[in-house]
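Novice: Could you use the hints to bring the two separately framed chains together as a complex?
Listed in order, the protein sequences are those of chains R and V.
Heads up, the first sequence is in the numbering used here, so the first residue is 1 and it goes up one at a time.
Heads up, the second sequence is in the numbering used here, so the first residue is 1 and it goes up one at a time.
Bear in mind the hints are in silico, worked out from the structure with no lab data behind them.
Please read these numbers as outputs of a predicted model, since none were measured by experiment.
Where hints are given, some of them may not hold.
[Unchecked claim] Straight line, CA to CA, 27 Å or less: simulated BS3-like cross-link-like pairs of lysine-lysine: (1) R:Lys281 to R:Lys175; (2) V:Lys65 to V:Lys112; (3) R:Lys340 to V:Lys35; (4) V:Lys112 to R:Lys377.
[Said to hold, decoys possible] Residues on chain R that point at chain V, a partial pick, calculated with CB under 10 Å: (5) Thr226; (6) Thr245; (7) Gly255.
Even for Gly, the Cβ is constructed at its ideal location relative to N, Cα and C.
Below, each chain spelled out in residue letters.
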Amino acid sequence: MLESLTMLAGWVIAAAVGATAGVLVMHVRGRPVRQVCQRLSRVSGDIQADLAQLQLEDTCGQLGAAWNRLIEEVAAARRDLETLQIRQQARETLNNYEMKWFSQLLNQIPYGLITVADDWLITYANAAAERMLGVSEGGLKGRKATDFFAQDLSHISPSAGIAIDQTSELVSSPKLVRMTAVDALSETERAETALLLQDVTQEREREAERSNFLYHVTHELRTPLTNIRAYAETLSEGVLQDPDTLRECYNVIVGETQRLSRLVEDILSLSQMEAGAARIKMDDVNTSRLVRQIVEDMQAQADEKGVELILSMPPKVPTIRGDKERLAVVLTNIVGNAIKYTPGGGRVEVTCAQESSRLHIKVADTGLGIAPQEREKVFEKFYRSTDERVSGLPGTGLGLALAMEIVRTHGGTITLESEVGKGSTFTVVLPIGNLAAIQT
Amino acid sequence: MATIVLAEDDVHIMRVVSMWLKQHDHQVFEAPNGKRALELVRSGVCDVLVTDVNMPLMDGIELVKTCAAERLPRLGVVMLTSRCDQADIVDSLQGLRVVFHPKPFSPSRLVKEVDELIKRATTSTPEPCAAR
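The shape of chain V in the complex, shown without the other chains (with noise of 0.2 Å):
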């Protein structure tokens, strides 16, 4: 089990997603815009975070951005994006360890994914924080 921070704007994606990874035994945080979403990691209270990128008040790219610079959160992110998007933002986030899902996802291989990055954090990262 995890805690994880959601950022999400979109009412229905943000439903889904956290009744999944909630279904997984996780603690999930639920923040509408990427304002939020830094207070929730800030406090401490973040394994993962699983962050859109087209939020109102501060979008994904620079919420990754902060929270690498604050080495936070403790175990990696999750970035949800469109492929066409990908590459650009891969680009405005060189160096940092995040995992990209693209839209539109399946919620099952969403939350695999998760699970699979705090196993893999867990055994192999000894640093806690998102960038490298």
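In isolation and in its complexed conformation, chain R is listed as follows (with noise of 0.2 Å):
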């Protein structure tokens, strides 16, 4: 349109120029003549210059009229092409400012955005893009993207837009980068895809995470499963005679029964805890008597077994804050594990001590002891010791795993020291709510 009207405004003065050369021939000597000359340098010197009408003699009426037009039509030519122009350099500056607040507005966003061409040499790419791919500012711009990735993806032609879907390695680190094709281009003329780059690597380890501990659980749910089928079915068959067999086989199943039901208690609790659901009723907690019960409760355990059992208590306990009910279990599993791993004739202590602002609940035993490069495990879900006679003794390998997660949940801690062959000492530490409220 710009262009167009140029053209006329250029054809309408070389018009008007040809006309009046034209006059300069037949008038060369006249003064309308002379006057039009004069109008004429004005009009083409300044567009803007007075346009009142030429008050020509007679023998050049109708040149002035005509020309009057021609002038008319030149001005308004020039008046459209000035607006053309004006409106041309508002839509640049809008562009740029557009495209300058588009680029800042990409360069924000998390996700990493390239286009490339057809060869998969890039063409833009985002502030988030070189990050990801460990570029550089403007290092991305006419390499080739598919050097980035471990994968090979050399087959893919990026033009196969929306189909483009690959999740790979990248070459310089193990960061899982997904690449999705944006639909975005394929609407405009310009050969590119947009690809949109995602760090997958957290969301992936998380999946992976959830992976392993469904086959973990279904693993340990299974022996229990397993124990229970074969032993009902035993007694279904009616083929054992002998009394203390047949309960024998009965409590087998009991037994099992319970060890199901208690991983499915500590599966769901550790699994609510995890993902902060659980509810943590926080109150008061009587240190002394929360200690002095579960001791109680483990006592049979440890008569059964032939280990000592010991309290050791100062005469006076701080109160706690904290859930009663989830403090006992970390206990019972930290009191329960010691008797557990404690040959018959040995030795399991539980004392309290306040230091500072914090409580100390120490769980020491003369048992198998752990071993260097298994200390950190033992706290992990689902982990059991390779040792032969720890693997050979019941345990669903979530008690500690649970514990240490409930504990962190009241900010505290839990540590542990120990020996191979000598034993092993847990200590839970927990920071103490009330320091004016101490139980004798």
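Specialist: The following block contains the structure:
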């Protein structure tokens, strides 16, 4: 439009000049011609000049009228031209502003965005894409996108458009990046494809952790289920006559059912704690009473095994803020483990002590001990020691993981000291909520 | 009757399977881990190996692979495994003659499986080994 108007204006001016030249030839010595020439020079010099009607004499009356019309048309064309030029400038300014704003916006988004040509050469990359692919500012343009991915993507054509959805590790790091095509450019005439890059490393790790957890859960559930099914079938077949063997079968079914219940309960508790969905009933906990209660409850288990269970409490033990039921689970699991992994004739000692604003509950045993390489792992979900003496004993591998999670929720810690063959000491450290409240 | 090495680390499973196999006139040697099972198989007392997968000291897969390399046991192997693990285990034991029995299992069906394996092996298999 602008170009055609420019051409029109040029054409009109050229025509006017041509006509004027003709008049000049005819009236080279006449006054009207001089007048026309003067006006011509004024009009061509300044289009905003006074365009008052020319008062030409008779001989030039017709020429003057035509000239006036011509001048008006030229002036109108030039006015239009100027308006268009102003508009064009405004549009360019707006476009530049929009481009800048859009570029800033793209650089703010947490997802990588690149555009590539058909040969995978990068034509645009936002800041997140540069960070993700480990390249400094402006360093991606002109490079091949496929060179950054460990997986061979050369067989895929970027023009495949929305069909592109690839996840691959990067060449330069173990980061896992998902690349998906955005359909945005399919409407334009540009032969480029926009690709969205997402760092899915953590997402995949979480997925793997979830799968791993489910795998362990199903495996742990399978053993008691196998036993319940096998012993129930044994009883139902009626092949056993010996009352002692029959009783043993019933006992196994009851024991395995309890194991299954504990396992399900531990899994649910741990999942809730980890998801932050567990209901924690914070209250003032009479620590002295709680620890005494746990030790009393575990006494029968210790006696059965021939393990001496000792409780050493100072005369005054501070109250702590916490969930009594969940703290009971922590102590039951730790004291229970200590008894389980201490051979008959051994000793398990539970002590309480206040150290500044924290309460220390120690459970020390003279049991098997834990090898240095296993000390961190014992707090992991489903970890069972490879030590035959440990793995042969029943356990879900969830007790310490759950204890750790509960203590962490209370703002505390669990530490472990151990020596193989001599025993282990687990120390639960909990913040004291109200230092003024001391129980005797 | 056959001599069976039973490798299983869960005492209750060991006890009930052992009980069923003995009631069907098999002689059972119990091994609480893969290492002990391998010793028993190598000692030559084993016709059939019935093994769990996850065991301390040596797992069932390593046990079966080692046995296969030594062309043991005489008649075959039954592996007690979960359905979800089966595909991976089958892949890792490709080419070996192993019968997979899913957990939780029925002891009567397991015994039937062992009996059928013995029958098949004694009537149709000229090679006395678990590996093909």
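Novice: A separate judgement is required for each hint: does it hold in the structure or not?
Specialist: Hint-by-hint comparison with the structure:
{"no.": "1", "hint": "R:Lys281 to R:Lys175", "verdict": "violated (40 Å)"}
{"no.": "2", "hint": "V:Lys65 to V:Lys112", "verdict": "holds (24 Å)"}
{"no.": "3", "hint": "R:Lys340 to V:Lys35", "verdict": "holds (25 Å)"}
{"no.": "4", "hint": "V:Lys112 to R:Lys377", "verdict": "violated (41 Å)"}
{"no.": "5", "hint": "Thr226", "verdict": "holds (4 Å)"}
{"no.": "6", "hint": "Thr245", "verdict": "holds (8 Å)"}
{"no.": "7", "hint": "Gly255", "verdict": "holds (8 Å)"}
When each numbered hint is compared with the structure, violations occur for hints 1 and 4.
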